[in-house]
Every structure is written in C-alpha cells, then in structure tokens.
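In order, the protein sequence lines correspond to chains P and X. Under the working numbering, think of the first position of the first sequence as 1, with each following residue one higher. Under the working numbering, think of the first position of the second sequence as 313, with each following residue one higher.
These are calculated hints, taken from the structure and not from any lab test. For every residue, glycine included, the Cβ atom is placed at its ideal position computed from N, Cα and C. Certain hints may be false.
[What the hints assert, rightly or not] Residues from chain P that keep clear of chain X, each with C-beta distances beyond 12 angstroms, as calculated: (1) V10; (2) E21; (3) K37; (4) G100; (5) G214; (6) R241.
[What the hints assert, rightly or not] Chain X stretches covered by chain P per the calculated footprint, using a threshold of three residues with CB under 8 angstroms from any CB of chain P: (7) 566–576; (8) 579–591.
[Stated by the list, open to error] Which residues of chain X face chain P? A few of them, derived with a C-beta cut under 7 angstroms, are: (9) E340; (10) L437; (11) V603.
2 protein chains.
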Amino acid sequence: MLERFAAGDVLAASRAMSTIERGGEGAESLLDALYSKTGRAWRIAFTGPGGAGKSTLVDGMIARERGRGQTVGVIAEDPSSPFSGGAILGDRVRMARAQGDAGVFVRSLASRGSAHGLSSLAGELADVMDAFGRDVVILESMGVGQAEARVRYMADCTVVVLTPESGDDVQTMKSGLLEVADVIVVNKSDRPGADALAADLKSVASLRGAGLGGWEVCIVQTSATGGRGIDELGEALDAHRAHMDSGGRREARRREALRERTRVMVEERAREELWRDPTLRQQFDAILEAVVNGRTSPHRAARDLIESRRRG
Amino acid sequence: MLERFAAGDVLAASRAMSTIERGGEGAESLLDALYSKTGRAWRIAFTGPGGAGKSTLVDGMIARERGRGQTVGVIAEDPSSPFSGGAILGDRVRMARAQGDAGVFVRSLASRGSAHGLSSLAGELADVMDAFGRDVVILESMGVGQAEARVRYMADCTVVVLTPESGDDVQTMKSGLLEVADVIVVNKSDRPGADALAADLKSVASLRGAGLGGWEVCIVQTSATGGRGIDELGEALDAHRAHMDSGGRREARRREALRERTRVMVEERAREELWRDPTLRQQFDAILEAVVNGRTSPHRAARDLIESRRRG
Numbered sequence: 001m002l003e004r005f006a007a008g009d010v011l012a013a014s015r016a017m018s019t020i021e022r023g024g025e026g027a028e029s030l031l032d033a034l035y036s037k038t039g040r041a042w043r044i045a046f047t048g049p050g051g052a053g054k055s056t057l058v059d060g061m062i063a064r065e066r067g068r069g070q071t072v073g074v075i076a077e078d079p080s081s082p083f084s085g086g087a088i089l090g091d092r093v094r095m096a097r098a099q100g101d102a103g104v105f106v107r108s109l110a111s112r113g114s115a116h117g118l119s120s121l122a123g124e125l126a127d128v129m130d131a132f133g134r135d136v137v138i139l140e141s142m143g144v145g146q147a148e149a150r151v152r153y154m155a156d157c158t159v160v161v162l163t164p165e166s167g168d169d170v171q172t173m174k175s176g177l178l179e180v181a182d183v184i185v186v187n188k189s190d191r192p193g194a195d196a197l198a199a200d201l202k203s204v205a206s207l208r209g210a211g212l213g214g215w216e217v218c219i220v221q222t223s224a225t226g227g228r229g230i231d232e233l234g235e236a237l238d239a240h241r242a243h244m245d246s247g248g249r250r251e252a253r254r255r256e257a258l259r260e261r262t263r264v265m266v267e268e269r270a271r272e273e274l275w276r277d278p279t280l281r282q283q284f285d286a287i288l289e290a291v292v293n294g295r296t297s298p299h300r301a302a303r304d305l306i307e308s309r310r311r312g
Numbered sequence: 313m314l315e316r317f318a319a320g321d322v323l324a325a326s327r328a329m330s331t332i333e334r335g336g337e338g339a340e341s342l343l344d345a346l347y348s349k350t351g352r353a354w355r356i357a358f359t360g361p362g363g364a365g366k367s368t369l370v371d372g373m374i375a376r377e378r379g380r381g382q383t384v385g386v387i388a389e390d391p392s393s394p395f396s397g398g399a400i401l402g403d404r405v406r407m408a409r410a411q412g413d414a415g416v417f418v419r420s421l422a423s424r425g426s427a428h429g430l431s432s433l434a435g436e437l438a439d440v441m442d443a444f445g446r447d448v449v450i451l452e453s454m455g456v457g458q459a460e461a462r463v464r465y466m467a468d469c470t471v472v473v474l475t476p477e478s479g480d481d482v483q484t485m486k487s488g489l490l491e492v493a494d495v496i497v498v499n500k501s502d503r504p505g506a507d508a509l510a511a512d513l514k515s516v517a518s519l520r521g522a523g524l525g526g527w528e529v530c531i532v533q534t535s536a537t538g539g540r541g542i543d544e545l546g547e548a549l550d551a552h553r554a555h556m557d558s559g560g561r562r563e564a565r566r567r568e569a570l571r572e573r574t575r576v577m578v579e580e581r582a583r584e585e586l587w588r589d590p591t592l593r594q595q596f597d598a599i600l601e602a603v604v605n606g607r608t609s610p611h612r613a614a615r616d617l618i619e620s621r622r623r624g
C-alpha cells in the first residue's frame, strides 16, 4: 500500500486515511512510516460557528489554489451532531466539490468523539494529505469555544469565520479570538451589523498590535455566496504565508504544534497505562463505594488513590 | 463561612461558588466539607445549540417550580465565546431572572476552558447549590457534540432542546440524541418543519423503545416565547422524576455519575503527577528535538517515553 501511496494512488491515500480513523496499532505504524514525508504542505484551518459559511469560503480558496496549479487536500469535519447548531451536510454534498478534479482531495470527518480526539485525528489526516504530496491542506472544523486552544496547533494559518449574527458584543470575545486567529473573516457582509462588527474587530486588532510571531490579525469582509471579498481573503492568506515564511516563523510555530501533539499523546498513553493496572482498578472500585455512601468525596477519593499509587 | 452557608446566607453561597471556580486546594477542601450535604436536590440539565431558546424554557420551569414552593438554583453557562454560534448574554441579563425572588439563585459560568473542565465545574457548582438546600438545580449549557457523553452524567434528567433549524435529517443525529436525552424539546414549534421534526423524533424514539433505566425518550413541542407547551414540558419532567424515584433508578444513575466524576478526577491528578516528574520532563524535551528533526514521530516518541518510564 505504501508503494501505491507514494506513486500518487488516490485509493491508497483514501485507505491510509481509513486506517488512521480506525486507530490502534495499524494507525500508529502507518503514521510512523509516513511521518518523515510530512512537513511540506501549507496547512490552513477554517473554524467558526455552524452556518457561518465556512464551506463556501473554503470552496473559494480551493478554486484560487487550483487556479495557480496547487494541489489541495481538505479535511472537513462533518457536523453530524444536532448540537453543532449548523446545517447538516452529508458526505455526498462535500464530495461533490472534488468531482472531476483529481487535484482536490476531500475527506469528511465525523464530529463524534471527544474534542481532543477530533483535533488529533484531523491533524493526522492532514499528515497523510501532506505525505501524499498535496501542496495545500485545508482543515475545516466546526468551531466550539472549548477547542480554541487546540485550533492554534492545527495549522500554519488559522482563519476564524464569523457573521453579523455571531454576537453583538465584540468585547466579550476579543481575547479568545485574537489569541487564535491569523485572519478573521466577517462573512455575510450584506447583512446588518457586518460593517460595525468588522470595524470593532479592526480597532481591537490594531489596539492589540502584532501578536506572537509579529503578525497583526487581519480582518476581511466577505459575502461568500456572492463571491465578494474572496480575492481579499486570498490576498490576506498569501500575506500571512509570506510573513510566516520569513524569519523562521513557520518552523517555530510547527515546533510548538509538535510539542502540543506529542504532549497530548504522552498523556493519552499514560492514561491508558493507568487503567491497565489491576491494583488501581481494584482500589478504584473500593473507593467508589465510599464515595457513593457519602464517606468520602470524589476529590478526596482521587487524591487518596493517586497518593497510595505513588507510595507504591 | 460554612456556618453562614449552613444558615442560608446567599452571600456565603456565592463566595463558596467563587472559591470553587478559582479551583486548587481551597476548592477541594470546600467540596470535601460540603459533599456529605449533597444528594437531596433534583438536578435537571438543559442542553442544545445556541439560539434554541433554552433560557426561555428554563425560565418557564423556574416559574413552575416556584409556583409549587420549590427553591431553585440555576447554573447557566454563559456563551461568551464567538464559537458557540448563539446570542451573547451577559450576566446582567441572566441575573435579572433572580431579582426579587430569594427562592431563585442564578450563577453564570463562563464557557472558557476545556469541555471537560467545564462540566466538572458545573457539577461542583450544582453540589454547592444542592448542599445550600435548593430543591431543584437546573444546569443550562451550550450543547456541543463533543460534550454529549459527559452531559449524561451531569443531572438526574437531561433535556435536549432543538428547533426546526437544528437539522433536516433526524437520521444522522438520532443515536447520539437518544443516548443522552430523557426529554427532547422541539422549540419554536410555530416555524416550518417543527411538526415533521417532532414526528420523526417520536417515531425513532418509539422504535427504539425504553432505553437504560426503562424510560422511553419523551418528545415535547413548545413555543417558548408564546408559552405554548410549557405545561406539557413540566408534566414530562414530573413523569420522568416519578419514574426515576421508583425502583432505585435515581440511585443507580447517581452511582454512574459519581463513578464518572471520580474517574475524571483520578485521571486529572495522574496527569498532573506525570508532568511533575523532572525526569519525564527532561526526556520529553529531548525526544521533542527528535520529533522536530523528523527522526521519530509524535506517536513513537510518546510510546518510547511511556515505556521507558514504566521500566524506570
């Protein structure tokens, strides 16, 4: 399979991604084998609430990249959960994008499972796209507040998509937004409140000035369905890429991303190891009885358990 | 403080909750002290996408409980993140609910931080409300797909609020929904698609039949702003409570909830302990260099690290 993968066989790449999604040892050895081939693709993450118009903007960026001969991979989180608040798109809809152009490779990702598992998995699928030789990899995810910190580590460039409906008080959201975004898109700019939202964001961004890496968050207004602002968005992405390509910024950001990914994996393995210990499982069952009977609290139970384990 | 708390001093309860929010040892010893006083309140969780109308429904349920002399505590997740996709409500708006009625105690909770941290914290604040003597504690949270599994463990009753806009394909969401919900509300029932959504959910629920605990998910249509369906919702909640109060079901569910809470705390402590180890931190820094240089993958690095720790 790796041979056919290296030869650019899309079916082999598709199978590789299915192997990653299944997880376990198969996924691990595949990722080990592919890892040295990663690092070439430029990764852009689009995030924001459901219904903000991310897919249409991503379509615009795909067309732009294809227009200059770049191959594109897309990892699209499929908002199959009713909790996402957005429209429900099936694989069929998303796959329609790729039809008739071998230079666009779309992979849907079900949004079930833990937020942490999801961002790890999306990053690993992006690795496959990268190793497969895609020039640009776009990660399209349903943004949720809790995932903000993780979003920072998913890509070389993070685009946050908002609409005038996203909230009438920029003050309450500015810190989280500016920490995470390289580019903020105010989409649906034909709706009331769009100009005011964009102006607010611009003044907040300029007050804050350049953040980590010396980049000042760029605000772009678009009306994706009408195609307005798509070129400006493309130019903002290019400007950010040029910025990152100088002064070792790209490498520094990737280093932080790898640190975060490795840290998460270490914790995951340590967690699995913890529950593999039969003594701990036995002690847990015993102390749970005490919790249920009100003799100790969950906090105290956990503390006692871990302390007794440390003492051995 | 504990004395004034026990005497029903709202300020003391408020301070207790601030202590919990700050976390650390102060929070732990307070929770330890209060834990034996918990277990009396009936806990109801309302969850669903932003803009579904949860707050208005909760207001209706507060009025209902107050009408029969029950005191109420509300833990309301404040959707301060732009990613939530919903309207942004400030503390002022929410606090208005409680004005002029000492029998209603509202606490807002910022939705920053990890999903896991948030549900733990909400549960702990509910413990404080419970220990403080509130008869009914309502947890109002922004639902996100990832938090579904955790939602199950937050309350004695879980209400999922949807609207006709929540999605046109019940099939894609039914499994997650039915696993988590005791009552599903189709709110904004005056909008197109509401009857069809409710009918679909009803047929799916009846096909599935009674789930764990012998309860068949109940579907209620409401139009919260017009007050329609509020009584039916109240009756559904009462029926579920009567069901849970028989056959030891309430105790069984609480046992599972305590198991989950304790498990999460054990893992949290184990994680802290892990990084407290200077040898591990040193090894991590060294192996991260190998990852950055492409000599090993994040997966392999994590595996090697944990294996060397086990042997060491």
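Going through the hints against the structure:
1. P:V10, annotated as away from the interface, keeps every beta carbon of chain X farther than 12 angstroms; the closest lies near 23 angstroms.
2. Annotated as non-interface, P:E21 keeps its C-beta farther than 12 angstroms from every C-beta of chain X; the closest such distance is 15 angstroms.
3. The non-interface label for P:K37 is inconsistent with chain X: the shortest C-beta to C-beta separation is roughly 9 angstroms, within 12 angstroms.
4. Residue-level check passed: P:G100 sits 26 angstroms from the nearest beta carbon of chain X, beyond 12 angstroms.
5. Every CB of chain X lies more than 12 angstroms from the CB of P:G214, the least distance being 21 angstroms, so the non-interface label holds.
6. Residue-level check passed: P:R241 sits 21 angstroms from the nearest beta carbon of chain X, beyond 12 angstroms.
7. Interface restraint, the stretch 566–576 of chain X with chain P: holds (7 residues with C-beta to C-beta distance below 8 angstroms; minimum three).
8. Evaluation of the coverage hint for the stretch 579–591 of chain X: fulfilled, as 7 residues show C-beta separations to chain P shorter than 8 angstroms, against a requirement of three.
9. Because the beta carbon of X:E340 sits about 5 angstroms from the nearest beta carbon in chain P, less than 7 angstroms, this interface hint is met.
10. For the restraint placing X:L437 at the interface with chain P, the shortest Cβ-Cβ distance is roughly 14 angstroms, beyond the 7 angstroms limit, so the hint is violated.
11. Among the interface hints, the one on X:V603 holds; its C-beta lies about 5 angstroms from the nearest C-beta in chain P, closer than the 7 angstroms criterion.
When each numbered hint is compared with the structure, violations occur for hints 3 and 10.
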